[in-house]
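The primary structure of each chain is shown beneath.
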Amino acid sequence: MARQTPALATLLPPGLQTALRGRRLIVGHRIRGVSLGRHRSRRAGDGQEFLEHRAYTPGDDLRRIDWRAVARHDRLVLRRDHSEDQLTLALCIDRTAGVEEAPGQHSRETYVRALAAALALMTVGQGDQLAFSVHNGVDTSFSQLRPRAGAPALAALSRALHQPLGPEPCPWLSWAGRARMLLPRRSLVVVFSDFLDPIPGRPAGDRSGDIEVLGALSSLRARGHTVVLVQSLLADELAFPWTGRRLLEVRAPGGRRPPVEGPGMHLRAGYLQALGDHLEWFRRTCEQLGLRRVAAVTSRPIEETLLSLLAVCAGQVVTSSPEAVG
Amino acid sequence: MSLLSPLLLLGLIGLALPVIAHFLGRERPRPLQLASRRFVSPQGEVLTHRRQLRDRALLALRLLLLALVVFALSRPTTLAPSRMNLVATPHDAVIVVDVSQSMLVSTSRGQQLARAIEAVEALVSALPAGSRVGLVTTDPLAPPLPLSPALERPGQWLTRELEDGGIRHGSWTLASALPRATDLFSGDEQAPQVIYAIGDGTARGLASLPQTGRVGVAVVPVPIFEALAEDPLDAAIAEHVGIEAVTWEPAREVDPRAVRITGRVRRHAGYPAAEDEDVRVREVGVELEVAGTKVGRTQVSLTGFDSEGFSFVHTLSPTDGPVAAAVSLALPSPDPLPGDDRFPLWIAAQQRIQVIVVNGDPSELRAHDEVFFLATALHSVDAQHAFEIHGRAPEQLEQSLRDKGPEALAEVDVLILANVAAFDEDVMPALRTAVEAGLGLWVTVGDRVTSDAYNDRFGGLLPLRLREPMTAGTAPGQATARSEGMAPADLAHPALQGLESDLGVAGTQTRRLFLLEPDPEAAHEVALSFQSGAPALLTHEVGRGRVALLATSIDRDWSDLPLRPGFVPLAERTIDYLAGGRRSAGRAQLHIGDVRVTAGDAPVLVIGPDQSRTSIIPDDDEVLRFDKTHLVGTYRVERDGQLEDVFSVVSDRRESVLSAPSQATGAGRPVGAGQSLVRSPKWRWLVLLGAVALAIEAVIRRRRAS
Chain X
2 MARQTPALAT LLPPGLQTAL RGRRLIVGHR IRGVSLGRHR SRRAGDGQEF
52 LEHRAYTPGD DLRRIDWRAV ARHDRLVLRR DHSEDQLTLA LCIDRTAGVE
102 EAPGQHSRET YVRALAAALA LMTVGQGDQL AFSVHNGVDT SFSQLRPRAG
152 APALAALSRA LHQPLGPEPC PWLSWAGRAR MLLPRRSLVV VFSDFLDPIP
202 GRPAGDRSGD IEVLGALSSL RARGHTVVLV QSLLADELAF PWTGRRLLEV
252 RAPGGRRPPV EGPGMHLRAG YLQALGDHLE WFRRTCEQLG LRRVAAVTSR
302 PIEETLLSLL AVCAGQVVTS SPEAVG
Chain P
294 MSLLSPLLLL GLIGLALPVI AHFLGRERPR PLQLASRRFV SPQGEVLTHR
344 RQLRDRALLA LRLLLLALVV FALSRPTTLA PSRMNLVATP HDAVIVVDVS
394 QSMLVSTSRG QQLARAIEAV EALVSALPAG SRVGLVTTDP LAPPLPLSPA
444 LERPGQWLTR ELEDGGIRHG SWTLASALPR ATDLFSGDEQ APQVIYAIGD
494 GTARGLASLP QTGRVGVAVV PVPIFEALAE DPLDAAIAEH VGIEAVTWEP
544 AREVDPRAVR ITGRVRRHAG YPAAEDEDVR VREVGVELEV AGTKVGRTQV
594 SLTGFDSEGF SFVHTLSPTD GPVAAAVSLA LPSPDPLPGD DRFPLWIAAQ
644 QRIQVIVVNG DPSELRAHDE VFFLATALHS VDAQHAFEIH GRAPEQLEQS
694 LRDKGPEALA EVDVLILANV AAFDEDVMPA LRTAVEAGLG LWVTVGDRVT
744 SDAYNDRFGG LLPLRLREPM TAGTAPGQAT ARSEGMAPAD LAHPALQGLE
794 SDLGVAGTQT RRLFLLEPDP EAAHEVALSF QSGAPALLTH EVGRGRVALL
844 ATSIDRDWSD LPLRPGFVPL AERTIDYLAG GRRSAGRAQL HIGDVRVTAG
894 DAPVLVIGPD QSRTSIIPDD DEVLRFDKTH LVGTYRVERD GQLEDVFSVV
944 SDRRESVLSA PSQATGAGRP VGAGQSLVRS PKWRWLVLLG AVALAIEAVI
994 RRRRAS
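These protein sequence lines are chains X and P, in that order. Under my numbering, the first residue of the first sequence is numbered 2, with each subsequent residue one higher. Under my numbering, the first residue of the second sequence is numbered 294, with each subsequent residue one higher.
You may find that some hints are simply not true.
Stated by the list, open to error - Covered stretches of chain X (in silico footprint by chain P; criterion: 3 or more residues with CB under 8 Å from a CB of chain P, positions within the stretch not fixed):
#1 194–206
#2 244–250
#3 270–284
No lab work stands behind these hints: they were computed from the structure. Note that the coordinates shown come from a computational prediction; the quantities given were computed from them, not determined experimentally. Every residue, glycine too, gets a C-beta built ideally from N, C-alpha and C.
Next up, chain P with everything else stripped away, as it sits in the complex (with noise of 0.2 Å):
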């Protein structure tokens, strides 16, 4: 046995402190002569005990409680070998700390994030002597510690935050905290550099870890249990269930203030996995909640260790703005991993979407005008309750922005330029304004649009720069093809995401288009392309605003799209999509953690789940971020008292798969490695003996006063 604090044992001296103090500390009783002294009756017996010893035995008792804390602030241990990967000689160490949500997952002995605090002061203790430590957590906004020789310091900084609830649940995986431990090894040591790395084996935990590690820094994961010296399997977890997905999306055909709230429960195997036999058939129940209150309730049956549907149709109340909603689990018994049963979400009924058709190529005969096909589509059936068209001549819009500026466009969702030749250049920064506070524009060309024209008014609105016209088939080799088919659409574009079959576009036959000119730094996406590659609906993003280029046109001059079946879904997903930049907002969601970043030139206050309220300024470039992401609930954006855009915290749902640390420990071995020694702390039994002393000093006690 050894101790880790020998010094504290001269606190044995303080042993004879009380007996020291008793006869130093006796009060000297002032004399007090009184012909009245018959009247004076003596209270209590407290002051014979500060001038004699009556009671010994209680002397002893309580001199041995004082030893006993005395030996056990001394630290006694014991050496075993240990299961760390540990360098055996004196190192520079740094610990990283899993604190992700899914260490709050309950096992067989205790909560995962105090047994990873457990495991800390285990390596600390295990280090060679001369060792420098410091810490670092997954949370972005913890101050590290740095390299100190005071080797309890992450442990009792770790416990102290574990206890005042301080310990934040950060964004970082434990790979992406390496850089932040990276950097306290100021470099110029001779000693090696470790980083021992504690978690669980989740995706954010030791499983995130890379193989390899910077150059003269060596990464080595530390599951808690071989920290603790336990066997794998000996802190159990329960199965547990959690909310894999929610979204959510109009259901008009309910209600034009319907909303469709679909998601999926998962239930996720604790380890040691439960044999075949005992899966039952689990009943979980599931609740929706709308602006507080409980609204709908649905049961799922979960079978096996897979995942179940559900469906909510909430019809909101005829209130603007979004609505705070919230999913969640109704369980009989508490779950080992509470983090992942809530979802909070915010949800909209569905605005009718604004939209400005702008015709640049009017015609009497309805088939020949421009925007005939389209204006038709939106009006279909189902299109019909989405949207609400306006149509506008090209001077009317030019007028009307050299007006009112952006101002002009601040109600319109989405504006169409349908053919429409380029604006006079005055009226370009109010459009660009508008595009870059939400506005969605889709440019289609036709005859009146000249490439020139575009570049220069449009520049970097447009997706890619235009090219000139090309007639298919005059391309070299293309002598035979008079027209370009169309391309199978990406569905995994934004726009067209959702979609379970093909567009329906595929036997499109363009005759004419614009080519555009390749820009590989431009961060557009395409959604449909023709046969030869050429690009024919693309978007991208210009400040919170989105713009797609269509580079055909939108009638049948150029192209038969207007008649494909396909072209109603794909107006009506465009549109909805570029009308997304004014809408999207509810829809925002960020994991615990994440950072939010927009555009803003002016403070706003954003109210978090626990109405806590934070201001933020917006910096040189006019972006704001906000960072206290560590709740999981629904966050308000407030400017000058006005809602100014919601979005939702929700825990990364990769948390919820729990596989047993000893499958996640994928980081390479330091350099140097070997088998080293492992203190086992042996004064938590000098604790239990004082507890013992304690319950018989108290039963003495008790005794003598009765």
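Okay, chain X solo, but in the shape it has when bound (with noise of 0.2 Å):
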């Protein structure tokens, strides 16, 4: 008998479940939907926001006739409105193992998971379809890129948060041939992923495989999605607190990279440098590529990075600075 896999909800922490109450996912641009729902679509419909005038046509409904506007021109004018439709968010969650809890701390993985979880749940809850894919560091499940809609969606997206975990990097390459091919047009696509060595096999200083998958994921924008990259980092990683003589063994999760050893006081200007480096120039680039990029330290309330998320998935610009390196 298969273990039952817990709900989506009990991987909320308190506070967020709080924090959740009466707020709703909205995206910042016109979606183009399959099906009504609340947002704002680009095709005409029932909505409540006037489109367009055009001409009365034998056959139109009678309904739409603008008798205001017939009085002005003198003639049938009838009044397009903006159809709402059904938004689909697509979760790309990297799950890859191998990064450490710091005490009194979240992991990246409780984290990842809480914040993946709020927007399912809050999309699912305002009547939007939800698709993803999880890679857990063994495989990537595809199937779960087609769009659906209720407690059905949420279940499958618990099991696979729930699966343990490999240290195989994530196909990022194949995984956006896949997300164009599957997604409905203008999704909202959400990316969980710490974006630090998404290709380990290229040298340290080598950025084409950052390159790569950051241009992989821009051409999701092809098919009108909004692409939200939420790049997880852990305080320690920003700070690197291993300043004392102490011989540290630095590794790679799943041996990516050879180790390197060396007393934290030495390895730590090189390390910060580096690590402020890429950042900045991460950002930059998001910017550049047009991607939306939050930042999730996971030393900060996680309640103000899922604020911060709906700001930025809503097309609001978010200036505060939460990864500041040393």
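Both chains come to you apart, so use the hints to assemble them.
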């Protein structure tokens, strides 16, 4: 008998559950859904927002004649409104194993799962569709990239988030290709990852791998998707608090890179400089490619990060920079 | 080859320590998994050194270095027959080391004092097993090292003191240090007791040793070259020059404040002695320094190993008190013995001596006045700048002493009582106090002097007690002679020193005189005596003051002494000598290490040449003792911030005569002395080998680093 998967809501910390009450997931652009929903659509329909006037042609619904306009133009004019469609939220979650938990802080895994679960619950709760693809370090599920609505979608996501983890890196390029094919146009795509070493085989100073991944993700925009990158960062990764003479052996998750030894006090300065340069480059590149980015620093209260994420999804500009290095 | 400390070879076990420490001490790195590992760059290679043995050759070389250190610490030695006369059986040995200033002489093999310490170590290493050793130096203030089986202690102690600059040049000769060395033997041991004296051949060194020591304690002189198994001429000493003597005197004929400083510079031969044809004329500069400023320079030419005189005349500025001065040699090259190249002294402008003459028998006829001849002599051309004479009636002086006490004579240098009836008893304590404070007192006799009264009142102030006056020729067997002649003056008396010929009073005829009671315990000095042997002029010291007694009258009543040509210099020199109690402080000179003993009832502060300040507190006998005189230079004594006294410390000029030590082995040989073996240390070669290995290690390390 298979073990029953806990409900997705159990992944939410109590404070986050409170913060979710009364909030909605809003996107800042017009979507193009397949069925009616609550989000403004680019096509004409039965919405509340005025789209255009056009001349009446026989056969049109007489209820849509705009009588005020008829009075002004002295001919029959039909009012057309924007439709309101269902949103499709696509979650791409990189759950590669191997990150350490810091005492008193969320681990990257719990932090990401909580944010993803919150978005999924909000989406399904407001009647939108959910699609997801979770990379658990062993394989990547592409089957769930077909949008679904309701409790089955949440149950499937919960199962995927509770699967054991492995060390294999996320196949970003193939994932992006599948997503382009399977996701409906103008979806909201939220990608969770640390984006620190997306293609480990490359030399440390070589950013070609980063450029390939970001290029693949930005290619989703060609189909009208809004792509939001949630970069999960551990507080220790940003601060490198090992400043003593104690010898450290720094390993990459899954042994993707050879370990490096050295006293923390000797390693720290170079590390912080390189990391700071990379994050700055990553931020500027995202801006250039039209990718929206949210830093999810695990030392930051998760409620604040979720609010920032919702604001970014809604097209607002978030100026706070929680990922200060050093 | 043998090892003095074989147990230290256990230290070789320590060679395993670096390897064990490497394996045990390898730091286990703390594993840290970071998704951002990509941004961590390795820093240097030091860490891999801790994890594995990369350079085994370097490790082997370093282990070899450690092994050499351990082996050197075990002190490998070889045994060779000793040239020293050592007792072959285990015994108690006290080593007496000469640390006098002559030991600072530079030889071709290093400073003599350092060589003496090596000699101590060589001697100790040659002592038979089971011996105990102690140490004494010629510095009276240095604590002795008591007898101990730890044979390495004397050498270590001396080496440490030499490196720290703690060795002081004391006042003892090697012979003077023997009693302290003997005291280290408690007397109840059965082992033989031997004192080994190590030093140079100077008069304060081995040459001072007595021929015989205390019964049961043998004194063995150990020349340094013997202890170090060298030939006597191996440690050559180049010839050197030194200041032999410096004196000063007023040069009143030049200026009332002028002083003439004279001295001699001697050229001392080194050894081995230079051949005669190699002895060239040597020009030596002599400089005079007054109050820290060089004020004069002269040149002396030294032909052969002899002395040559020099002289400076310097006029002091009109400042009060003595001035520190120094005569030093200006040599083009360093002198092997620098200790005698500088002579400090205090000089002072001659103040006019304040003289009070108490006329006990005044007369309106000048020729009959008691002090007419004396006053005339003191007003001669030469003396008028030196003396300021005031007359006083006996009653005036008595009243003044009653009213003011000793302060009545505070400004007076010399008081002359010329045929004065004895003072009342109540004024005598004040007079005695004034004399003890430095007042000079000259008592001349006459008709008004009665022996009983003088003996009662003056008591110990007089050099000898007076007997009854006697008329010449009335003594038994002297029926024909009606007068007493004067014997030649004793020119060795301090008052008459410097006279090159007789005083000029030989023809004096004395008709009446006081005989004096002989007292063998009285410390007096006779300057003049009658032909019969009776003292005519004698002196002694009372406290800081000086007292002279003329046993006849100072006018023509009893003697024609005032008519003699020698009377003027006699009066002048006597008064000058008596005033010395007040003025001689500046002339006080001590040898290095001597103890300065002065009378005083209040603490004083002694400021040394290095500006060190030492507070001296008088003992129960109101005597002040200052023993920190190990530095050559000028010293000031202050009381309550006022200059009280000055003195200078010079090195003993006998230290300048550096004879070959082989000539100074005068002490006896120890009973039971025999041929013994001396250990020759070999660890110096190990140290050299270690230095070479260290250099190779540095080269390898540098190559590895590059």
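Status of each hint after checking the structure:
Remark: the region 194–206 of chain X is confirmed as covered by chain P, as 5 of its residues place a Cβ nearer than 8 Å to a Cβ of that chain, reaching the required three. For the region 244–250 of chain X, the stated coverage by chain P holds: 4 residues have a C-beta nearer than 8 Å to a C-beta of that chain, and at least 3 were required. Remark: the region 270–284 of chain X is confirmed as covered by chain P, as 5 of its residues place a Cβ nearer than 8 Å to a Cβ of that chain, reaching the required three.
In the structure shown, no violation is registered for any of the earlier numbered hints.
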